[in-house]
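> Generate the whole structure from the sequences, applying the supplied hints.
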Amino acid sequence: MSARDTILGMLRAALGPHRPDRAAIAAEAAALLADPALIRPALAAEDPVEAFAARVVSPKVNATLDRIGALAGLPAAVGRYLAAQGLAPEITVQPDPVLRALDWTGFAVRETALPDEAVALGRARWGIAETGSLVFESGPETAVLNHFLPLHHLVAVAAGDILPYLEDHAAVMGAAPRNLNLITGASGTTDIEGSYVRGAHGPRFLHILLIGP
Amino acid sequence: MKVDLSFKGVTGRAIADRRLKTAIDRTTMTAETKRRLALMDYPQFEAARARGTAIKDHVVANLDHYLEEFERNAVASGAVVHWAATAEEACGIVVGLCRQAGARHVTRAKSMLGEEIGLPHALEAADIERVETDLAEHIIQLAKEAPSHIVWPALHKTREEVAELFRVAHGRPQDSEDVPAMVESARRQLRSLFLGADVGISGANFLLADTGGVCTVTNEGNAELTTTPPRMHIVTAGIEKLVPSLPHAYALLRLLVRSATGADITQYTTFHTGPKRAGDRDGPEEFHIVLVDNGRSRMLATGLRDMLRCIRCGACMNHCVVYRQIGGHAYGATYPGPMGAVLTPALEGVEKTRDLPHACTLNGRCQEVCPVGIPLPTLLRGWRDTSWKEGLVPGSVRAGLWAWRFVAERPRLYRLATAAAVRAMRLFGRRGWIAGMPGAGGWTDYRDLPAPAGRTFMEQLRDRKTGR
Amino acid sequence: MAGDPTASPRVALFVTCLADTIRPRLGFAALDLLEAAGCRVEVPEAQTCCGQPSFNSGDRAGAAALARRMIAAFEGYDYVVAPSGSCAAMVCAHYPEALEGDAEWAPRAAELAGRTHELLSFLADVRGWRPSGVALPATATYHDSCSGLRELGVQAQPRALLGAVEGLEMRPLAGNDVCCGFGGTFCVKYPSISNAIVGEKAAAIEATGAGLLLGGDLGCLMNMAGAMHRRGTTVRAFHAAEILAGMGDGPAIGEEDGA
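So the sequence lines, in the order shown, correspond to chains A, B and C.
When you line the first sequence up against the numbering used here, it's residues 1 to 213, in that order.
When you line the second sequence up against the numbering used here, it's residues 1 to 468, in that order.
When you line the third sequence up against the numbering used here, it's residues 1 to 259, in that order.
Any given hint might turn out to be false.
[What the hints assert, rightly or not] Below are the DSS-like pairs computed for lysine-lysine, each with C-alpha atoms no more than 27 Å apart in a straight line: (1) C/K189 - B/K2; (2) B/K21 - B/K2; (3) B/K389 - C/K189; (4) C/K189 - B/K352; (5) B/K34 - A/K60; (6) B/K21 - B/K144; (7) B/K352 - B/K389; (8) C/K189 - B/K21; (9) B/K21 - B/K34; (10) B/K144 - B/K2; (11) B/K8 - B/K144; (12) B/K8 - C/K189; (13) B/K2 - B/K352; (14) B/K8 - B/K352; (15) B/K8 - B/K21; (16) B/K352 - B/K144; (17) B/K389 - B/K8.
[As the list claims (entries may be wrong)] Listed below are several chain C residues computed to face chain B (Cβ distance under 7 Å; list not exhaustive): (18) G27; (19) A46; (20) T48; (21) G58; (22) D59; (23) G62; (24) I193.
[What the hints assert, rightly or not] To be clear about the criterion: a stretch of chain B counts as covered by chain C if any three or more of its residues have a C-beta under 8 Å from a C-beta of chain C, and this derived list gives those stretches: (25) 9-16; (26) 357-366; (27) 402-409; (28) 417-425; (29) 446-454.
Please keep in mind that the hints were generated in silico from the structure rather than gathered at the bench.
Note that the coordinates shown come from a computational prediction; the quantities given were computed from them, not determined experimentally.
For glycine and all other residues, C-beta sits at the position ideal for the given N, C-alpha and C.
Written out as structure tokens, the structure reads:
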């Protein structure tokens with residue numbers, strides 16, 4: 001007998017003969033998602049965009065935030081960040097058509113992050129106000145390692161893509177990407193005597209560029 | 001000198017180790033405080049706990065259904081699904097896959113299931129170089145030790161010890177007063193190893209039935225650095241990790257992270273669905289998922305069904321008075337604390353682990369903080385029942401309880417016996433306290449015992465009634 | 001009658017084996033308090049031990065045998081009241097468990113559980129009683145014993161009652177809801193672990209600077225008082241019922257020198 005048969009056989013023996021059918025199981029699973037408001041924390045502000053903006057700079061997320069009116073202002077905002085950090089204008093830009101279409105004159109732009117990348121810019125598909133998370137879907141326009149290799153992770157996200165709650169993301173997401181990455185702050189660890197240190201393996205700095213009014 | 005490896009011996013040494021106590025207190029007290037603060041911001045916690053409990057109960061009640069659904073969808077996404085009834089089978093599958101991939105070295109993101117099935121040892125035995133990437137696992141790999149906590153495996157290590165381990169292994173001087181510099185040293189050491197690995201091995205926090213997706217959560221980002229660059233990603237996951245869909249996982253994540261670290265969400269929460277796709281910039285070409293039973297289906301059949309809800313947050317051990325005195329290693333198994341004292345007898349047999357469910361005051365704090373309402377004291381008592389039935393309780397305890405019951409079932413004898421006992425005890429009293437008395441060493445070796453009044457309440461009451 | 005504080009219910013005092021043997025004063029304090037709260041109190045002679053040591057040691061048959069005895073002993077009273085959260089919780093929470101599946105005794109266990117109470121919560125919640133004219137010029141701190149706290153919800157009641165004692169200043173205890181390491185037979189089966197736990201508790205109690213340690217369970221109080229006495233601490237321990245009954249000027253735990 002295969003391990004599969006053994007395991008399923010043991011489970012069925014333990015669960016007994018009277019089992020709900022597929023439809024009943026699905027109905028029960030759906031009922032377990034009813035009234036999500038009962039189990040959701042309050043947002044930091046009534047407006048999801050304001051809540052997101054407040055959340056990401058709070059100690060819970062500890063990112064930095066730059067709000068820019070329009071996408072066209074992104075290169076200048078990136079330039080400001082690099083200058084403020086004393087970094088050279090050399091960055092990896094996610095191969096995302098929206099980002100690539102911008103005018104990157106004055107920057108040395110790479111497509112793929114180096115093993116010890118200093119700065120990478122990405123564009124999040126969504127932002128989640130509840131947690132301050134940035135949501136990425138891997139694919140031809142989004143390399144997963146771009147979120148993890150750089151020391152400074154710069155992320156553009158449109159105000160129109162800010163969702164209130166985690167469940168709202170589940171509702172708008174289409175087919176599952178290979179990697180769905182929710183990123184909430186910079187990499188951190190408390191593994192040595194519980195003291196919090198940033199930049200354990202991934203980025204040490206997360207800088208969010210929130211685009212839109 | 002022979003080292004006493006009994007539970008008493010091990011716990012005695014742990015208690016005498018003040019450095020260990022300091023290390024335990026630092027992390028568990030921080031975790032307790034942060035959890036309390038997180039719950040103050042989340043008044044919905046009770047409702048969420050009820051919901052989380054119901055979700056896990058629903059999954060366990062339909063586990064065969066969800067495993068098959070998961071398998072179907074995972075296969076459709078391009079993953080290969082393997083089933084392992086035992087730890088040996090699971091390790092055999094992983095080692096076989098590593099060999100098939102021609103792996104010389106593999107990276108591993110922390111997985112308690114991996115520890116449970118002995119995967120580190122199996123890889124070593126197969127001569128496959130293993131690099132632990134979670135910072136704490138890296139530390140204990142260098143120290144050649146086992147995890148002492150399921151969330152902070154190196155909780156027992158002081159920064160001075162870590163500095164010394166890093167100095168030797170990283171070949172660089174370390175300053176124990178500069179923890180960020182030590183973390184940076186590990187970052188430099190591990191970065192090239194991440195990128196050069198042939199196989200990346202992770203665990204799973206949740207398995208999503210409706211997509212075949214695997215969820216990992218970390219704060220360091222090491223899971224993604226482990227699973228993305230290599231040609232092959234292998235997931236080992238307990239069969240109880242199933243959830244129906246993404247929003248169910250989100251509901252449980254809110255509970256898991258707050259209960260574990262007091263944060264609202266982990267820095268990196270990733271759902272892995274299948275291998276690299278056409279046009280993908282990175283990702284593994286092969287994606288294998290090993291579904292591991294290792295006693296879980298037996299737990300379902302033997303009264304431990306509630307334990308299958310466990311989401312491995314560690315809150316029970318952070319709040320356990322016993323764990324906080326003896327630390328994780330004293331439990332002698334992968335899972336310490338209250339959840340470990342329930343799981344370990346199920347995994348290794350109660351005859352070898354009898355002390356674990358007995359070394360508990362049944363104070364109920366673990367159940368109080370459990371985000372999925374596991375009645376840990378009841379389950380621990382269940383192991384005590386089993387120990388009693390299987391004759392594992394020491395003869396002295398058995399005889400004592402039998403004698404107590406014999407007397408307590410006979411009220412008149414009980415009155416005589418208690419009246420005699422308090423008189424006898426008074427002979428050992430000095431100024432109201434007994435500092436030592438034959439048969440009472442368990443108490444008086446450590447504490448003084450208040451001497452009884454000399455006449456029982458029942459005797460004095462009788463006097464009062466008869467007007468004496 | 002149940003629930004009507006103006007009536008005079010017939011109450012059985014479940015004295016508990018520790019109060020019976022080690023601290024009879026506590027039994028009399030309970031008796032006085034119940035009478036002050038308008039109850040007709042009886043002490044059934046047939047009561048012995050609630051069976052907790054057997055139940056928590058895995059001896060289900062022993063626990064069930066003792067449970068049956070106690071159920072019979074307490075038949076017919078309006079209420080059964082114990083000056084202990086853990087003994088009351090044994091009856092309320094665990095008798096039904098211990099006798100599960102016993103067609104004759106399970107319903108009787110459930111019925112007894114429904115009318116059994118821990119003393120302090122009974123006085124406050126069921127009888128709506130408050131001490132009057134009780135004074136004790138002292139500083140005290142309170143430890144919440146785990147069974148009463150988590151299985152019966154005893155937390156606010158003792159504080160409300162003690163708050164009505166004139167001159168008694170209550171000081172908060174850090175970790176007031178953390179186990180003291182007693183755990184019944186645990187403390188003698190794993191004494192070194194128990195001692196380490198109670199050592200921390202003793203330090204927390206000493207840190208309050210209070211002169212008195214109060215609580216609602218004699219086992220825990222004996223553990224803490226015994227540990228503090230061994231350490232040379234001068235904090236004195238009483239069951240809260242003794243204070244409420246005006247016996248706070250008497251000998252504390254470990255100060256009794258004869259009946």
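> What hint numbers does the structure not satisfy?
Those not satisfied: there are none.
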